[in-house]
Amino acid sequence: MRARLRGRLGLISAALFLVVVIVMAIAPWIFTPIDPLTTDTSQILQSPGWGHPFGTDQTGRDVFTRVVYGASYSLGVGAGATAAALIVGVVVGTLVGLAPRVVDGVAMRGVEILLAFPEFLIALFAIAVLGPGPINVAVAVGVAALPAYIRVARAETLVVRRSGYVEAAKGMGMHPLRVAVSHVVPNTLRPLGVIATIGIGTTIVAAAGLSFLGLGPQDPTPEWGLLLSGGRNLLGQAWWVAFFPGAMITLTVVSATVVGRRLRRAREGRRS
Amino acid sequence: MTSSREVVRVSGLSVRFGQAVVVDSVSLSVSAGECLAIVGESGSGKTLTAKALLGLLPDGASVVVDELVIDGVDARRNSERDWRRIRGSRVGLVSQDALVSLDPLRRVGAEVAEVLEVHGAPGSGERMLRAAIVDAVTGLLGRVAVPEPAERARQYPHELSGGLRQRALIASALAGEPGILIADEPTTALDVTVQAQVLDLLSRLRADGLGIVVISHDLAVVAGIADRVAVMKDGRIVEEGATTEVLSNPQHPYTRMLLAAAPRLPEPSFPELVEGSVAGGFPSTGSGGGDGVAPVLRATGLGRDFRRADGGIRSAVDDVSFTVRAGAAIGVVGESGSGKTTLARLLLAFDEPDRGSVALEGHEWSGIPERRRRSRRGGIQYISQDPLGSFDPRYTVARIVAEGLRGDARGTSPGGRAERIRHLLDSVGLDASLEGRRPHELSGGQRQRVAIARALASEPRILVCDEPVSALDVSIQATIIDLLAGLRRDLGVALVFVSHDLAVVAQLCDEVLVMKEGRVVERGSTRDVFENPRHPFTRALVAAVPRMP
Chain H
1 MRARLRGRLG LISAALFLVV VIVMAIAPWI FTPIDPLTTD TSQILQSPGW GHPFGTDQTG
61 RDVFTRVVYG ASYSLGVGAG ATAAALIVGV VVGTLVGLAP RVVDGVAMRG VEILLAFPEF
121 LIALFAIAVL GPGPINVAVA VGVAALPAYI RVARAETLVV RRSGYVEAAK GMGMHPLRVA
181 VSHVVPNTLR PLGVIATIGI GTTIVAAAGL SFLGLGPQDP TPEWGLLLSG GRNLLGQAWW
241 VAFFPGAMIT LTVVSATVVG RRLRRAREGR RS
Chain B
1 MTSSREVVRV SGLSVRFGQA VVVDSVSLSV SAGECLAIVG ESGSGKTLTA KALLGLLPDG
61 ASVVVDELVI DGVDARRNSE RDWRRIRGSR VGLVSQDALV SLDPLRRVGA EVAEVLEVHG
121 APGSGERMLR AAIVDAVTGL LGRVAVPEPA ERARQYPHEL SGGLRQRALI ASALAGEPGI
181 LIADEPTTAL DVTVQAQVLD LLSRLRADGL GIVVISHDLA VVAGIADRVA VMKDGRIVEE
241 GATTEVLSNP QHPYTRMLLA AAPRLPEPSF PELVEGSVAG GFPSTGSGGG DGVAPVLRAT
301 GLGRDFRRAD GGIRSAVDDV SFTVRAGAAI GVVGESGSGK TTLARLLLAF DEPDRGSVAL
361 EGHEWSGIPE RRRRSRRGGI QYISQDPLGS FDPRYTVARI VAEGLRGDAR GTSPGGRAER
421 IRHLLDSVGL DASLEGRRPH ELSGGQRQRV AIARALASEP RILVCDEPVS ALDVSIQATI
481 IDLLAGLRRD LGVALVFVSH DLAVVAQLCD EVLVMKEGRV VERGSTRDVF ENPRHPFTRA
541 LVAAVPRMP
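Order-wise, the sequence lines are chains H and B. Per full-length UniProt numbering, residue 1 is the first one in the first sequence, and the count goes up by one each step. Per full-length UniProt numbering, residue 1 is the first one in the second sequence, and the count goes up by one each step.
If you are wondering where the hints come from, they were derived from the structure by calculation, not from laboratory data. Worth double-checking, as some hints may not be accurate.
Said to hold, decoys possible - Derived pair list, reagent style SDA-like, types lysine to any residue, alpha-carbon separation capped at 20 Å:
(1) H/Lys170 x B/Arg373
(2) H/Lys170 x B/Pro393
(3) B/Lys516 x B/Thr300
(4) H/Lys170 x B/Ser458
(5) B/Lys516 x B/Arg345
(6) H/Lys170 x H/Ser182
Using the sequences plus the hints, can you model the full thing?
Set out below in structure tokens:
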């Protein structure tokens, strides 16, 4: 009973945290009156306190404000890249799942080659081809996530394709395309939607990682990975410059995973 | 302690989940050498009653019991540890599906031996030596009539047939020499001839002095082995008594309903019995209107081969020919693996024959591209054993039925379509209020009605039904069969009815094909075939059907 309550608490706090981060991304000015780019040379490297809850950085910018404004970029990349990977993954995965076996075989071996490399390496490779930049980070992270979605979408398609209701639709003389649109795709989307919730966390980490390496948005832009890298050299004298962005990344990813897992469990429970 | 020892005595057993009472003050007793059958439909609480005797009730169940004596020991306050000591050594359990109950990665012998390893030698409880265990296992398998027990013990469950698996399961239940055996639907997954053998085995064990509790949904199955029958409904025992008494002179209306709903096979020796039974004859439409008109469906020399694991070829269907005239009903019976389902799939053109051809309404149906079939598919529709699987889980009842409407009906106004859907639901006896439900919110019988409504939407001339009532309770089964018979009468829909259940076929069909290993071994009018079977296989099949006295 206590364990269950503790699980609930974790879930509720994770969901609440995500809601706060989403509001930060949409309307950062609610949380802070300061502009994230304002420098104040009289307030360099202030430790956390009343005026600056997360302290200030080496040019006197308020770290709290910059973390709040950073949410929109990190969350935007996370959600955007995941959504793009999901859509492309479902389309490709469904087509591959419905295609003749030869096409399916060739396509899936290709996907497996991509899966053999760590996602981050693929993202780095994509950046190397596309060149650095904020939009390219999103594209690179999306590309890296894509093979997994294709694979799951294909597997789900194969299951749905052999299901009784697809056979029933065929038996009613329905055109295969219509079957794909009205039965196969909607039923593959359900499990994928849940997987994508967990995937958002991974994507945020990957995007922050690329920014940390300086391949994403450039300095004055408040982005969590970039903030983390900016504070890296100051860890000895001003831990707060790196700590708070890092904590935000960690908490956001953990929360997204907790909520995603819970959704998945709910789905599987309903299925059986 | 009168004539024989009581091995189980339960009184006032109630099981509830929260507010719901699923077993309601049930009392029963079984003596050594006696067989008690608990009969009821799904949800009657029969399985939970049996599980209570083993302390196997699921979490969340709260149990109240006045008396619970198992093999002479009061088990009311048993801890999980106490139960573990009892299970296997005093009470043996045989469950429905042997393939699931046996560990696929372990040899059958190891499965049986495990009981001996856990409980030690029966009686003394001493640890047994390896060699002694092997001997005991071989002996046990021999006792349940497994041929070549020593060899079989070294095989894996998937290498055994369904009947042998069920025997192995019974052997493992007997290993600890329990005084009582609880068998939950022990033959439901088995073919009728195998079922007869397993029932035979159970009654031999009973004669050896074992107390047996058989749980079943099928009165006819238990009629042959049970000394007493307890009929359960909604958690209560509504009637209990000697088997012959209950079957010949049922007191409770529910028992009467169950008996009336059970499909019966015409008795070979008393043909006139059929006339008066519920099976009631159909006007034989088969010969009447058909002459000169193209049959609805014609199969000519159908054959379909599959490659076996060892590279050989197995003919699942071989040289099957028949015709179905408008409004006729033809039954296809046989055991599992006889090719019935493959044949149904060939008729529906879900699969292409390797030999022979199918013609639908006089035009070729097999061997043509799917796009040429598509517009004609409405003419032949399919009812499967598993309606739930044939519905998109996201769809509502109305949408499921709408999917079956032909192109021309799709074009009509939304109001006209809604009207048509209501009409279809009405024709299968479903209330319009169910339109908004999703498949998982329906009962088994309702689901099968929705499946039939969808099939009727395209105004088919023929329905291919593959075991459409096998998964349903007897009383529901009877209503679905009535529905199919009514559709045939009122709409003139022809039926191909695939089933392992001879009695159901006898009730619905005027012609029957008996299949064995892909071939039709006997055919003819249903009455002829079942009353006067000529082929030895048909004879065995008919003889194996459990009959009520």
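*In ascending order, which of the hints set out earlier in this document are inconsistent with the structure?*
none
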